[in-house]
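*Asks:* One line per chain: the protein sequences are A, B and C, in this order. Everything in the first sequence is counted per the working numbering, starting at 3 for the first residue and increasing by one. Everything in the second sequence is counted per the working numbering, starting at 3 for the first residue and increasing by one. Everything in the third sequence is counted per the working numbering, starting at 3 for the first residue and increasing by one.
Worth flagging that the hints you see were computed from the coordinates, not collected in a lab. Possibly wrong hints are sitting among the right ones.
Same chains, same label: a pair holds when it works inside one copy or across any pair of copies.
[Unchecked claim] For lysine to aspartate or glutamate, the following EDC-like pairs were computed, each having C-alpha atoms within a straight-line distance of at most 20 Å: (1) Lys111 with Glu133; (2) Lys59 with Asp32; (3) Lys57 with Asp32; (4) Lys134 with Asp55; (5) Lys134 with Asp19; (6) Lys57 with Glu25.
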Amino acid sequence: MINPNEKNIFMGQIGHDKDLLEELTSICKDNNITLGKIEAIGAVQKGEVGYYDQKEKIYLTNSFNAPMEILTCNGNISLLNETPMVHAHITFANRDGSTCGGHLLTGTKVFACEYIIYQFTNATSLNRTKEKITGLNLWK
Amino acid sequence: MINPNEKNIFMGQIGHDKDLLEELTSICKDNNITLGKIEAIGAVQKGEVGYYDQKEKIYLTNSFNAPMEILTCNGNISLLNETPMVHAHITFANRDGSTCGGHLLTGTKVFACEYIIYQFTNATSLNRTKEKITGLNLWK
Amino acid sequence: MINPNEKNIFMGQIGHDKDLLEELTSICKDNNITLGKIEAIGAVQKGEVGYYDQKEKIYLTNSFNAPMEILTCNGNISLLNETPMVHAHITFANRDGSTCGGHLLTGTKVFACEYIIYQFTNATSLNRTKEKITGLNLWK
Numbered sequence: 003m004i005n006p007n008e009k010n011i012f013m014g015q016i017g018h019d020k021d022l023l024e025e026l027t028s029i030c031k032d033n034n035i036t037l038g039k040i041e042a043i044g045a046v047q048k049g050e051v052g053y054y055d056q057k058e059k060i061y062l063t064n065s066f067n068a069p070m071e072i073l074t075c076n077g078n079i080s081l082l083n084e085t086p087m088v089h090a091h092i093t094f095a096n097r098d099g100s101t102c103g104g105h106l107l108t109g110t111k112v113f114a115c116e117y118i119i120y121q122f123t124n125a126t127s128l129n130r131t132k133e134k135i136t137g138l139n140l141w142k
Numbered sequence: 003m004i005n006p007n008e009k010n011i012f013m014g015q016i017g018h019d020k021d022l023l024e025e026l027t028s029i030c031k032d033n034n035i036t037l038g039k040i041e042a043i044g045a046v047q048k049g050e051v052g053y054y055d056q057k058e059k060i061y062l063t064n065s066f067n068a069p070m071e072i073l074t075c076n077g078n079i080s081l082l083n084e085t086p087m088v089h090a091h092i093t094f095a096n097r098d099g100s101t102c103g104g105h106l107l108t109g110t111k112v113f114a115c116e117y118i119i120y121q122f123t124n125a126t127s128l129n130r131t132k133e134k135i136t137g138l139n140l141w142k
Numbered sequence: 003m004i005n006p007n008e009k010n011i012f013m014g015q016i017g018h019d020k021d022l023l024e025e026l027t028s029i030c031k032d033n034n035i036t037l038g039k040i041e042a043i044g045a046v047q048k049g050e051v052g053y054y055d056q057k058e059k060i061y062l063t064n065s066f067n068a069p070m071e072i073l074t075c076n077g078n079i080s081l082l083n084e085t086p087m088v089h090a091h092i093t094f095a096n097r098d099g100s101t102c103g104g105h106l107l108t109g110t111k112v113f114a115c116e117y118i119i120y121q122f123t124n125a126t127s128l129n130r131t132k133e134k135i136t137g138l139n140l141w142k
């Protein structure tokens, strides 16, 4: 466990037609956000999410090829191979209000999106490395 | 993109039988919160949410006339016509744990609700105006 | 309504096989977090959530005995009987991306989980007591 401090808040929009995960990651890289948290709402033209098979230790992909609302997009920012990595989970709503979601993957195409990113600072940063039991890249 | 600072945190409850969106908006107006973020959990007696038809550029309404948990209610506060506007998306859970949700609309009646609102301050505020491609009121 | 200040941020992981609610509560007790907010993403081996029957004024339990993603786990920390109490709601995603959720109960077994807890400070703390109309432990 670490006790970071808040340094900066970044609040803005992701452009129409952009890839949600790629854009969030670019914002972090461009602003040297190596630790922090992220949240967003909005809408997508299509969504691509992962589900981790805990037994096989691989991500499965669910593709939702429909316009949907982003009910939540919550996650954190830390380092993987010394590069900022956005780890976010996302919940979508369909036309009838039914919901779906998963681990945010590239391929999620923005219709409109409003984000708030908190940049944390800390003497000790969080670095992800492969953890044996789960097979995931977790914090050391 | 802007870089606001946190000014105040407001933490409290929305009264039984109140309209969720109207109350959140009132709190912002009464406390001069013109920029910020909002989050809440709780339960509703019924829910009213929007789904944006990205082709027709109109909001459709989904009415859920049942008691439900509020799993998430996340969003932001900015200005529309110089007045604080709460833009929030909400996820509900039904009796069997199934979920639904959308863009929070008036007509969502509170059973019990606990909110945390962050008031941001910034030299440049965010103002919403009609944007052509999406048809939505986005930040300039 | 109260206006707390942020004191500390706690960012870390919940261990594999741990009970999510018990661990979050322990973190609060161990660090004297009596007021604050909590958020987490990750995955569980199984989930146990509540749905409040607003008429009967009792919690019903929904047990989801499957590996699932944690799309959101949002809530707050305040006092019940002078002890820190975590009130959190959780949204899960299944293998096919379908979602479910409710009021987080003990019995939710962690696969991997990353949390951010904000500790608030305030002259006036929030204490929960039984409220008659809802039958819930709400803030006085």
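*Asks:* Hint by hint, say whether it matches the structure.
*Replies:* Evaluated hints:
Proximity of Lys111 to Glu133 under the C-alpha cut-off of 20 Å is restricted to the inter-copy arrangement: shortest distance 18 Å between copies versus 31 Å within a copy. Neither within a single protomer nor between protomers do Lys59 and Asp32 lie at most 20 Å apart by alpha-carbon distance, with minima of 32 Å and 33 Å respectively. Taking identical chains as interchangeable, the C-alpha atoms of Lys57 and Asp32 are never at most 20 Å apart, the minima being 37 Å within one chain and 33 Å between chains. In this homomeric assembly, Lys134 and Asp55 come within 20 Å of each other (Cα to Cα) only inside a single copy, at 15 Å, whereas the closest approach across copies is 42 Å.
In this assembly of identical chains, the alpha carbons of Lys134 and Asp19 lie at most 20 Å apart only when taken from different copies (14 Å versus 37 Å within one copy). Neither within a single protomer nor between protomers do Lys57 and Glu25 lie at most 20 Å apart by alpha-carbon distance, with minima of 31 Å and 24 Å respectively.
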